[in-house]
Amino acid sequence: GAVVSQHPSRVICKSGTSVKIECRSLDFQATTMFWYRQFPKQSLMLMATSNEGSKATYEQGVEKDKFLINHASLTLSTLTVTSAHPEDSSFYICSANKGLAGVEDTQYFGPGTRLTVL
Amino acid sequence: AQKITQTQPGMFVQEKEAVTLDCTYDTSDPSYGLFWYKQPSSGEMIFLIYQGSYDQQNATEGRYSLNFQKARKSANLVISASQLGDSAMYFCAMTNLGQNFVFGPGTRLSVLP
Chain G
5 GAVVSQHPSR VICKSGTSVK IECRSLDFQA TTMFWYRQFP KQSLMLMATS
55 NEGSKATYEQ GVEKDKFLIN HASLTLSTLT VTSAHPEDSS FYICSANKGL
105 AGVEDTQYFG PGTRLTVL
Chain D
16 AQKITQTQPG MFVQEKEAVT LDCTYDTSDP SYGLFWYKQP SSGEMIFLIY
66 QGSYDQQNAT EGRYSLNFQK ARKSANLVIS ASQLGDSAMY FCAMTNLGQN
116 FVFGPGTRLS VLP
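Protein chains in written order, with my numbering: chain G, 5 to 122; chain D, 16 to 128.
The hints are simulated quantities; they were obtained by calculation from the structure and are not laboratory data.
Fair warning: there could be bad hints in the mix.
In silico contact screen, one side only, chain G against chain D (beta carbon under 8 Å); selected entries [as the list claims (entries may be wrong)]:
1. 20
2. 50
3. 95
4. 109
5. 113
For every residue, glycine included, the Cβ atom is placed at its ideal position computed from N, Cα and C.
The task is simple: from the sequences and hints, build the whole structure.
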């Protein structure tokens, strides 16, 4: 199997605080981890791609100083939303893959984190 | 650039009936992978089925099958014998090795008792 965990599942915070979300691949080593954001009734929007030991690659329009990504090991990536504001409220989902070809290129998703900024 | 189109924002199906969810894609790469994911109300993205561009046969996984028509660039998902638990959002996605996933806008499937 390929299990990805994400913590916390839900967080409510005050405006101006920072929130850290963890993404872990539990039974495989993830060459690459991805962070997505999803607004209600919309598809997933890729925010950034992170590879272990290197800087994350951010998609156009995503502020790297706002959304800090650290990929400390082959099983852990973290997303920190710094100085969160109400417009950052969203559903954040991470995924990981093994970096292999074909069906092994499948991205396995975490359960998501619902962030609410008051 | 890669693009995924899902033209059905919402679909209804009677329990125990089969349903087809449409997906068309656009890419200039000869090698690519096509995926379907299910997202229930809980939010988790559940991998359902994979089809490689060079696969000769249509992929099947239990009640899920993929109707892959390469010349038409379509990869429709067929769910047989629908169950109430199949009610969810369904996303079609594609990737080329080493590139990011591209997701379609999704189709909301509602299974009626």
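To see whether the hints hold, each was checked on the structure:
1. At a threshold of 8 Å, the smallest CB-CB gap from residue 20 of chain G to chain D is about 26 Å, leaving the interface hint violated.
2. Checking residue 50 of chain G against chain D by beta carbon gives a least distance of about 6 Å; that is within 8 Å, so the hint holds.
3. With 8 Å as the threshold, the beta carbon of residue 95 of chain G comes within range of chain D, its nearest partner Cβ sitting at about 6 Å, so the hint holds.
4. Hint status for residue 109 of chain G relative to chain D: holds, with the closest Cβ pair at about 6 Å, below 8 Å.
5. Here the hint on residue 113 of chain G is kept, as its CB sits about 4 Å from the closest CB of chain D, short of 8 Å.
The structure shown violates just one earlier hint, number 1.
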